[in-house]
Amino acid sequence: MKELSKADREYAEKLRKQSKIYLVMILFMLSCSGILFVGTNWYKLKISEHAVGYLLGFFLSISVAFIIFIFRNQRTIRNPEKLKQQRIARTDERNLEISNMALKVTAYILAVVLVILSMIGSFISESLMITASSLLYVFLFSYLICCLYFRKKL
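Under the working numbering, the residue at position 49 of the sequence shown is numbered 49, and the numbers go up by one with no gaps.
Derived by calculation from the structure, the hints in this document are not laboratory data. In this text, a Cβ means the ideal position worked out from N, Cα and C, and glycines have one as well. Some hints could be false.
Said to hold, decoys possible - Below 20 Å or equal to it, Euclidean Cα-Cα: the simulated PhoX-like pairs (lysine-lysine) are:
{"id": "1", "residue 1": "Lys14", "residue 2": "Lys153"}
{"id": "2", "residue 1": "Lys104", "residue 2": "Lys14"}
{"id": "3", "residue 1": "Lys17", "residue 2": "Lys6"}
{"id": "4", "residue 1": "Lys82", "residue 2": "Lys17"}
{"id": "5", "residue 1": "Lys6", "residue 2": "Lys84"}
{"id": "6", "residue 1": "Lys17", "residue 2": "Lys84"}
{"id": "7", "residue 1": "Lys6", "residue 2": "Lys82"}
{"id": "8", "residue 1": "Lys82", "residue 2": "Lys14"}
Claimed, not checked - DEER-style ranges, computed between Cβ atoms:
{"id": "9", "residue 1": "Glu10", "residue 2": "Lys44", "range": "33 to 41 Å"}
{"id": "10", "residue 1": "Lys152", "residue 2": "Gly34", "range": "15 to 23 Å"}
{"id": "11", "residue 1": "Gln85", "residue 2": "Ile130", "range": "43 to 51 Å"}
{"id": "12", "residue 1": "Glu3", "residue 2": "Leu55", "range": "46 to 54 Å"}
With these hints in hand, go ahead and build the complete structure from the sequences.
If you want it as structure tokens, here you go:
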């Protein structure tokens, strides 16, 4: 096995940290599934069968996706050529700009959809309006906090 460059070693370490975050997310999703299971079976929480099935499928599918990401990262770390190719592709300025623009447009769309949902929700259900408005506030506050944090950090 050939020796990795410093940039490749740093990128491999970044992938290892990312895999640890994915593992934490898997544990969180599985604990949410466990709470849902215990709540509906032992404490007889009133949740429809459809909602339980939907949420369990949601939690488990996200867990499976994170497991796939972990295996992909491990395979990339073990293969020096793939590691170098992926590092170059992920650190390419054009690809970073495309990703940043996609995230920016997605954030705008999300904000607009939440505003529309809270407006329409006010006619349908007060809880829908409050939920959509709360999500919008969480989105905006997290954006402001991240802006302040990264201004100091970068």
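Kindly indicate which numbered hints from before are broken by the structure, ordering the numbers from low to high.
2, 9 and 10
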